[in-house]
Amino acid sequence: MSHQPSDEELMSQIKKGKVEAFEMLFARYRKPLFSFILRMLGDFHRAQDIFQESFLRVFRHAQRFDESLSFSPWLYRIARNLCLEEIRRRERVETISIDEGAELQPKELWEGRTPDEELERREMGRVLEGAILRLTWKQREVFLLREIQGLSYEEIAQVTGMSVSAVKSCLHRARMALKEMLAPYLKSGEIPTGRMKR
Amino acid sequence: MRCERCRRLLSWYLESDLPSGEMREIEEHLSVCKECSEELKLLEETLALARELPQLEPPEETCLQLLEKVRAMAEPKEVIYLWQEIRGEKGVETSTFETGRRPSAGRKAIPVSRSWVEVVRRFDGTRWSLMASYA
Chain X
1 MSHQPSDEEL MSQIKKGKVE AFEMLFARYR KPLFSFILRM LGDFHRAQDI FQESFLRVFR
61 HAQRFDESLS FSPWLYRIAR NLCLEEIRRR ERVETISIDE GAELQPKELW EGRTPDEELE
121 RREMGRVLEG AILRLTWKQR EVFLLREIQG LSYEEIAQVT GMSVSAVKSC LHRARMALKE
181 MLAPYLKSGE IPTGRMKR
Chain D
199 MRCERCRRLL SWYLESDLPS GEMREIEEHL SVCKECSEEL KLLEETLALA RELPQLEPPE
259 ETCLQLLEKV RAMAEPKEVI YLWQEIRGEK GVETSTFETG RRPSAGRKAI PVSRSWVEVV
319 RRFDGTRWSL MASYA
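From first to last, the protein sequence lines stand for chains X and D.
In terms of my numbering, the first sequence opens at residue 1 and continues consecutively.
In terms of my numbering, the second sequence opens at residue 199 and continues consecutively.
Isolated chain D (complex conformation) (with noise of 0.2 Å):
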């Protein structure tokens, strides 16, 4: 075996990771080649090192902070609804809109997000409508 090839499956022949004849040419050439044996006391140095570099500690704050955002994910959110009152009679309608729990009976509510940021009211002539949009 030839140097050149010997040097490219060191790495293989350190896992055992090739077929049982080219594991005995290499075992073969490293008994009488100094240089390839010291190529792969080289290979083996560098792995031993950087199985012994530590696992880094990542800084407490970072940590905490984590875990308050993920505590704050995991609250259960509280529904908020949108919810339409309507007064008056003969056509003339005064309505107010109103954020809050669960509105009584008998009110048209509209579940939203707390995150909502508009509320359009459209009168097709007939009825009114309401479309909210949310963040």
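This is chain X alone, in the form it adopts within the complex (with noise of 0.2 Å):
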């Protein structure tokens, strides 16, 4: 079995110059980071863009890495704070308030999505989509960062640079609002008509 360098151990490499390491690097965030940044924004190109500017970042600023340190942590502080730019600049523009939950109308997010998923999960995946979109930013990040990307508190602190308390106060909060906007669907097994907007 060969033996399949860690994120760190890729890291060093990326360091060095060495394109192949980064493509390994890519291959295995790929998904999990486009995930993150499109559920943060809501907004499919915008997303393409920061997805693309983070993954530039790790090469471009790779001897800024602490190899002791763990990758994934670094990787998505450095797109939260892409993305955390674009809802600053976002509210600039649009004057909305981002703490009180914007109405931020996903975009394609359900593009591509295999036509033989079962069909009431999925739709009810969609309303959950919509209602992540209406948290306030601070409980969207650690929410995603959690229960989606599967970061550990200690991780998500590193990312959002609160202290861990505060994180884990944070994702309860999220939690609740969630299942409160859920709950007339849930309850009913109703499903709102009509798709997101593309």
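Just so you know, these hints were derived from the structure itself, not from any lab.
Honestly, I wouldn't trust all of these hints.
[What the hints assert, rightly or not] Here are the simulated DSSO-like cross-link-like pairs (lysine-lysine), alpha carbons at most 27 Å apart as the crow flies: (1) X:K16 - X:K31; (2) X:K31 - X:K187; (3) X:K15 - D:K232; (4) D:K267 - X:K16; (5) X:K168 - X:K31; (6) D:K267 - X:K31; (7) D:K239 - X:K138; (8) X:K15 - X:K31; (9) X:K168 - X:K138; (10) X:K18 - X:K31; (11) X:K187 - D:K267; (12) X:K168 - D:K239; (13) D:K232 - X:K187; (14) D:K267 - X:K18.
[Unchecked claim] If you want the ones that stay clear, here's a sample from chain D, every Cβ over 10 Å from chain X, calculated: (15) E226; (16) H227; (17) V230; (18) E250; (19) L251; (20) P257; (21) T260.
[As the list claims (entries may be wrong)] Away from chain D, derived, C-beta distances all over 10 Å, residues of chain X: (22) P5; (23) Q48; (24) Q63; (25) F65; (26) L69; (27) S70; (28) P73; (29) N81; (30) E154; (31) A183; (32) K187.
Backbone N, C-alpha and C fix where the C-beta goes; we use that ideal spot for every residue, glycine too.
Make one complex out of these two single chains by using the hints.
Right, here's the structure in full:
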């Protein structure tokens, strides 16, 4: 069985300018990072730009990475900071309050989903995607990092710069808010019709 | 335990992230309170749905563009030199500025990046100086 280099070993190779190492790391994190960014922003086109910029920064600033630390929090921190800039820019332009939960319309979140997926779960998932976008950005990032990307509390604290206890509180508030938003659909089993805007 | 307090702690309860006494209190409350049990079920369903959400694939074109940019960044940069050749005698000088690979020995050469934009030559009465600015 061939040895699979760890993320940190790959970063060490990237520091020496090895593009193959970058390609391996990119293959590992391509989908998780794009999912995180798209769900943070709810905008397919901006998500692509920020996705590209995040990985470019990984390559460009590889020398700044401390190999004694984990790679994934470092990567998510880069993407998270870029998302935050975008959310703040959008707030300035559109004068919406991100702290109160912006009414962001998800765009193309469901493009390309497999047609044989169970319809009801898929539609309920769509409702959940919309609800996630209605969380405050702080709640959203913590919820996504924990529940979708599977980071530990300590890793989320590294990404967000919050304390572990603040991360936990934020996550619990996010969960309860989502439960409240989904409760009418989960209780009745009725799913709102109409697709998300593209 | 009151319903309000129980509901506030449900998310922590799910992760067993409470002191054992509080965990027990919640369990006891849930065993007798249908509404709070229903709330717990809703929370569990919400989290189950979230964990089922698919990881989303970025467009192939976006990935290809990115990899192309990274490969271009990784290519070794050719160092370009700006060099000056001085001809003439008795105070009458003609200088030629050229860019290219390392000039032959004996010629004054200044390594510059590919993106140099301007060269300014100054004579202070005694000697010429050369200033190059880069983009």
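Hint check results:
no.	hint	verdict
1	X:K16 - X:K31	25 Å, holds
2	X:K31 - X:K187	32 Å, violated
3	X:K15 - D:K232	58 Å, violated
4	D:K267 - X:K16	17 Å, holds
5	X:K168 - X:K31	25 Å, holds
6	D:K267 - X:K31	19 Å, holds
7	D:K239 - X:K138	25 Å, holds
8	X:K15 - X:K31	23 Å, holds
9	X:K168 - X:K138	12 Å, holds
10	X:K18 - X:K31	22 Å, holds
11	X:K187 - D:K267	49 Å, violated
12	X:K168 - D:K239	20 Å, holds
13	D:K232 - X:K187	14 Å, holds
14	D:K267 - X:K18	14 Å, holds
15	E226	21 Å, holds
16	H227	17 Å, holds
17	V230	21 Å, holds
18	E250	7 Å, violated
19	L251	6 Å, violated
20	P257	7 Å, violated
21	T260	5 Å, violated
22	P5	18 Å, holds
23	Q48	5 Å, violated
24	Q63	13 Å, holds
25	F65	15 Å, holds
26	L69	22 Å, holds
27	S70	19 Å, holds
28	P73	18 Å, holds
29	N81	18 Å, holds
30	E154	14 Å, holds
31	A183	5 Å, violated
32	K187	7 Å, violated
In terms of the numbered hints stated before, the structure departs from hints 2, 3, 11, 18, 19, 20, 21, 23, 31, 32, listed from lowest to highest.
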